[in-house]
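From first to last, the protein sequence lines stand for chains A and B.
For the first sequence, the working numbering gives the first residue as 5, with consecutive numbering after it.
For the second sequence, the working numbering gives the first residue as 46, with consecutive numbering after it.
For the record, the hints were derived by calculation from the structure and aren't laboratory data.
Any given hint might turn out to be false.
To be clear about the criterion: a stretch of chain A counts as covered by chain B if any three or more of its residues have a C-beta under 8 Å from a C-beta of chain B, and this derived list gives those stretches [unchecked claim]: (1) 60-68; (2) 82-93; (3) 121-128.
Being a predicted model, the structure only gives us computed values, none of them experimental.
For glycine and all other residues, C-beta sits at the position ideal for the given N, C-alpha and C.
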Amino acid sequence: MSQPADRPIIAEFVDVHRHYVMGKNVVKALNGVSMQVKKGDYLAIMGRSGSGKSTMLNILGALDRPTTGEYRVGGRDVSGLDDNALSDVRGREIGFIFQSFNLIPQLTVLENLEVPLFYQGRVGKESRAKAEYLAERVGLGKRLEHRPLELSGGQQQRVAIARALMNDPLFLLADEATGNLDSNTEQEILNLFDDLRPDGVTIVVVTHNPKVAERADHTLWLKDGQVEKLVDNRLAGTAHGGHP
Amino acid sequence: MIGDSMRMVKLGLKSLMLHKLRSCLTTAGILFGVASVIAMLAVGEGASAETLKQYRDMGVTNVLLRSQKPEETQSSSSSSMMSTLSYGLFYQEADRIQNLLPQATVVRVREFLRPVMRGENWGQSMILGTEVNFLEVTNMKVHEGRWLTDLDLQRQANVCVLGERLSRMLFPLENPIGKTILVGIEDRFEVIGVLDYQGRAASPNGTTLDQCAFIPMSSSRRRFGDTVRNPLINRWEQVELHEIKVKLPSTEEVEGAAAVLEAMLARDEVHRSKKDTEVTVPLELLRKAEATERMFNLVLAVIASISLLVGGIGIMNVMLATVTERTREIGIRRALGAKKKHIVQQFLVEAGVLSALGGLVGVGLGVLVPYFIEHYFKQPTDIQAPHVVLAFGISAVVGVVFGLYPAWRAANMDPVEALRHE
Ligand SMILES: Nc1ncnc2c1ncn2[C@@H]1O[C@H](COP(=O)(O)OP(=O)(O)O)[C@@H](O)[C@H]1O
Ligand SMILES: [Mg+2]
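So here's chain B without its partners, still in its complex pose (with noise of 0.2 Å):
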């Protein structure tokens, strides 16, 4: 059985050898067809599984506020460069949120950059001044040591906890549990903790978390006030909350929780009239990312079928050319006992290892493609194995499928005319 099949292949190469450029070429559309489904596949992939982690980093169950500068009017400008712009969620607003939404997890969020230095290790550093809830509201472990307590915060104490990556950098040969950093000019903060690495980011400007240094939301405000200089545009900001995260027991509460949030907000006459604060619900933009993605691959999906309609309408093209030209075959073939279905077989099995040959090659090229897309553009990609067998599946079935009505043509001829065609 195995060798009759053998055999059947083994024939099916042979005869299309007959006519190697033309078989070459009926193959090269369902190879065209089978490597460009992979490899767009692999790219839309690689884009949207970063777009999709990037939502799943900000954590599915959480609402965030943020604060946002206000558009500049023209009003607003043209006042004096030296005053002090203020906008942004306030402190206060946290514990309005902790009474609208009881069951949530909230907490204060305030960001700034400041050099921290250890010794000669020096950098500019993103400080995060929060709270106790923020490792469990990220989600993130500690590695070493312990994260803020509510003592801490109480005695705005000058303690920091350490991402991962900046650990490094002003730590590389000490361990940095108990060690003083210096953070600006004069603050000294001691290093309690160092977290887990993390490898998402901690805002929209792309700081990552690793690259952080945690301390008491208190000890911030004492130290470092809520004013700072914007160095780009060489301003004062006043902001006393950079950011509030919500986060809610579970993805069902997110959506009326949002719905909340955003009436407080809009209740807000200072942020109506202001738009300097801005609600993001992770896992709206997670379902809308993957409605996307769903939308990318149905449209993939049927340029994959129209290609792959394509190649098939060539093979069946090229196998009713070759049922033609050997119908002297045919019938030779069937004198010597050959059953219609042999007839059948023979041809099917031709046909499909023609677009299978044109599937396997398919396959390699829509594996180099995405590999030298992320060689020399940079662009993540991610060939998945189930993608490259349904694409090489499909591209067989293809084959058997256009080439059924040739064959069937070829068996129902009658063996006496086709014995004596030319």
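Chain A on its own, in the form it takes in the complex (with noise of 0.2 Å):
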């Protein structure tokens, strides 16, 4: 599918650097990295185990923040932000999906789908509407008076989905969303991505499954911490190296 060349950047990291001091011994996590997610992308980030996956991914989520460099996401530099103002920037601009799910268990399927809004102040009939429409959505619409737990893994993972929608992110961010579920279910989520992206929808996933960063449209592999390559997946076996 081609998309317009203009696109809004919404997510992009400029020479970002996370150290952990050890004691005597700083790691460098993330060393140095500049990437950029535009509307519409679908990016898998790869890379071997200590490559910096996850500190890129709590990063992304604005979870954590950088050492050094500037994330910017919609265009601003969320970088310095305080806990609150970090908080504001998970619950409006960002969709997360975590591989074991993370609903909470004493709330049903709607009230897990609410929860999101619950923090922006936003819970009502709209929000009640929304969450019917985006269950229909993922094919859970008969499912909202539910617990988590009398749905199988694959129905909790499409929840997390629908839930991660519900604040009109700029971006979803995936974190091995198919880790906990056989090869159908998986294939199953990934085709629900698919389903997603016509509508516009940005998906950032980490993962170390091939399988999985291949329905991306690109790769980013990570290594020690640095962008070893972007790979573009649909000029099938063609590698380009370096920054887009």
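Take each chain as given, in its own frame, and dock them per the hints.
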């Protein structure tokens, strides 16, 4: 599918470092990463264990701050924001999807869907209508009053995806989203991602599973806290190194 | 806003339902604390209300001088059982008191038991021989007819005023005014008045004013004399006055007057050696009782604080466990946009709901217990609305206070760490 060339940049790393001080040692988990995510992108982030994927995900998700460098969300540098403001960035701009689904067990599907809007003070008739619409969209329209534990893994992850969409985020951020699912269910979830794309949804997935990564348009490879290469998966077999 | 609060309370309840038994046990700490506070206050209040009323009924501006039978010494008891025992206050002493305390209203009282009869109806009744001022000093009201007058006393008239209960016993159907009753075996008295219902004691033996008949002091002396056979010890006793009531114009003067009277009796050779008089100062008793009540309430407050503290620690303990168990949930909520204040709110509401539930059930139990005490032990109790509100309010506050630290811990978790938990 073709994308207009002047799509806005919605997330951008500018020379991001993230250093962990461990006694006398400094671990440079991210060591000068620059990258961009444009509206409508479907990007996979890959790399060996210890390459900095989780660190990058935390910063992308505004759960953590770069040691130096800029992280821009929707054109705004959020790297210096305080805890309160970062919470707002997460609540408004980012839709999290986790490996272990992370639904809140004591809440029903509907209530789980409303959690992100609750913290924006936006729970009401509209939030309910939206939850119903999105539950329908991910194929769980009849399960609104169920508890998470009454659902299968695939269904729980569908709820989690719907929940990530509740706040109309700038992008979905998936952390090994299919790691707990069998391969059939994995395919279903990946198909759901594809289904969402025509709606203009932007997706960033962090994974070590090549089958997952290859469904994305691009794969960003990390190595030792740096960008090793950015591969366009649509040009089958042809790899482009370096920055976009 | 209200919708959000309701949501938070509902969420709190749901989360507490995750561990029903644990929540119930934690709640029990607060529950018993609140219940015991309410019950103890109700019992204490009931008991002291009774005592305080008793003293107030005696009159807070009064000083009461009573005759009391002297303790029998070896020699006196071995002397003849047939001899007359003579003790107590003398008629003239009332005049002396009036001279010492010109501002006071002094009234003499004689008390004796006699059968009283009207037609078919009769009963043993306490007869009070007294003076005109008695009505004012005891602060009573005439319901019907009139009270004794100076003329009645001068004439030693055979007239009487009946207490409300006595009147109803002797005259269940007729209007008593102007009718005659028989006192003892031969003395007839005309009923000139009936008093309002008083519901309080006439003497320390527990007879109420409502069961008494009041006759002029002078008639009492003339008809019945000063010597009475005490049926309990089968012995003749000579007592001129059983009581002298001294009413002061204000409570400020009570203490001074009491001192004057004590000194007067102490100076008297006879009274001092026989120890046959007693000064009662209702105001002093009232103040002592109030002090006792305050002390009781203080002790109660300490016990209550300790029990609520224990309950609070229980809540804190459980909330800390909850926070640790639900680290993951905290991480999820933070990732979904919850600020620290939202997490604090969530756990505070949960702790508050936990202890408020305990408080609510505690209020129920605390109201039931005094009811049973009153019903089965015939102990007066008095549940006061402010106490109930206070006990419940404190329970809710305890939850919030002891929930603060766990909630703060929850809010200050690093979201990344929290999400990685387990
Ligand atoms: N909280 C931390 N404290 C210290 N070192 C860390 C921390 N988190 C990650 N690291 C280190 O940073 C590097 C990158 O880790 P991570 O981002 O988890 O990589 P990945 O997810 O690709 O395995 C590793 O060397 C790891 O040991
Ligand atoms: Mg990792």
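Status of the hints after comparison with the structure:
With a threshold of 8 Å between beta carbons, the proposed coverage of the segment 60-68 of chain A by chain B holds, since 4 of its residues qualify and at least three are required. A count of 4 residues in the segment 82-93 of chain A with a Cβ less than 8 Å from any Cβ of chain B is obtained; the coverage claim is therefore met, three being the minimum. Chain B is given as covering the segment 121-128 of chain A, and this holds because 6 residues of the stretch bring a CB closer than 8 Å to a CB of that chain, at least three being needed.
Every hint, counting from the list given before, is met by this structure.
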